[in-house]
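Undergrad: These are the residues of each chain, in order.
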Amino acid sequence: MSILVYTESEEGKFKKIAFEAVSYAKGIADMMGTSVTAVSVNGGDSAQLGAYGASKVLEVSNDKLKEFNAEAYADMIAQAAKKEEAKVVVLTSSANCKFMAPLVAVNLEAGYVPNVTELPTGTAPFKVKHSVFTNKAFSNTEITTDVKVIGLAKNAFGVKENDTNVNTESFSPSLSDDDFSVNVLSVDKATDKVTIADAEIVVSGGRGLKGPENWGMLEELAATLGAATACSKPVSDMGWRPHSEHVGQTGKPVASNLYIAIGISGAIQHLAGINSSKVKVVINNDPEAPFFKAADYGIVGDAFEVVPQLTEKLKEFKAQNA
Amino acid sequence: MKILVCISHVPDTTSKINFTDGDTKFDTNGVQFVINPNDEFGLTRAMWFKEKQGATVHVANVGGPETEPTLRKALAIGADEAIRVNTAATDGYSVAKQLANVVKDGGYDLVIGGRESIDYNGGMVPGMISKLTGANFVNTCINLEIEGENVTAIREIDGGKETLKTTLPLVVGGQKGLVEESDLRIPNMRGIMQARSKPLHVKEAVEASAETQSVTFEKPAPKGAVKLVDSVDELVNLLHNEAKVI
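In order, the protein sequences belong to chains A and B. Per this note's numbering, residue 40 is the first one in the first sequence, and the count goes up by one each step. Per this note's numbering, residue 0 is the first one in the second sequence, and the count goes up by one each step.
Here chain A stands alone, though its shape is the one from the complex:
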């Protein structure tokens, strides 16, 4: 019996969320008196996973799994879970994990809870807290099946070092043609930009920026902070920015450490999307903007004056603290 965790990697390197997922799995393993087994697909150095609490890594090296394929990956994880007699399978909230999680759950006849924000409050019965109503509330949910699948919310648990001796084992899942009935034709990924999903800091703009031609100053601020850019719903509806940057209830949720909202009034749907962000800064010339009620820090002022000043100040700060 163990806790199984899927560790995502890209181009042979583990992603930060992989370390967060292993840290979380170790937390559950300690509660249940067991150990953590990680599944790594064409991943990085397995010793890195040991640093966060994995004592065993199933290394999968398979050319057919070079590109993510939900059905095949779900079958692989279910087979690994059965082999390890795992009672809990930990996944993350990445787009790929959310794609395959329901398939893993059906494969394992396991109850699945996504967007989990904390370690279980108890393991018998097994109860977890997860965000619902697009971060406007939490539910404490009991999973009643023998095997449980957890989808860990991004940035909810953090990375915790836990030096563990790690054994590696190669693992070859048995996959059939049926696993490959959905195939990737092409991938269009912005490689030079920080994405909202991975970003620690997000700089977001609203209608207050008056037009797409004014996004340069926002992008410069984002570049200075190593941040991703985002926007409010009206901005994406008007086509100023792509849909993929739309943050909110029908757009993307943001769980960054710092969220800077510029010229966004703070509609309830937008606030729901950013509730999980830790620190929120609002820059708006309307002191009555509802976003100020949800923010930690605010500047009442003209974005066209404040943002360039902030960028310059941050550049100075970075130079001094480099």
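Simulated from the structure, these hints should not be mistaken for lab results.
Using C-beta positions, here's what the derived DEER-type ranges look like: (1) B:Lys15 x A:Pro326: 17 to 25 Å; (2) A:Ser211 x B:Gly159: 24 to 32 Å; (3) B:Gln193 x A:Glu327: 38 to 46 Å.
Where a beta carbon is used, it is the ideal one built from N, C-alpha and C, also for glycine.
Put chain B on the given structure of chain A with help from the hints.
TA: Chain B only, in chain A's frame:
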């Protein structure tokens, strides 16, 4: 092509969220219920297939009679028939099992659900239906083209998008992008009148026990007041020394 669109009956996006009975139940008092926005994008795309390529569009929902106005709205938008599975929607798995039964009985080529509902945000029903029915599955779908049995779909991934090729039967987890926001339809009077005479079948539920159960709900801790600052110097100082995020 026979299409089933799965419709969740959810509180509208502006709803204030409260709980009753010792924080064990969602408080529906004063809450307006709507078609789940992600499902509405799917329904509109289904209407596009109906009008441009020829398709029959059914909608289905799991819930009590109180969800019927939401199904009637889908009929007013243009769906041909509606099916309500007469049982409470308890958890994602039990809902998926009921809808999978509808899919099997109806012989649908394409099933579209939202990538997630905006109430419980489970994001699991379309994927589970695909697994339970043996259909192919594409999640977070932002473009869908079908020619005969062949499907080309684009899905959103973290930091980009991916074009996929597959075949029918297919289950799609849809979202904004499947159609544009401006393409969403508001039912007109003619549609509303027609919807009254369209079939709304009530189907009895199959055995499907829940795998998860919400025990209690809680709301996020109240936030302290915003700290308004006069200068960017002060803001940078606070972000570094107090919030420790830069």
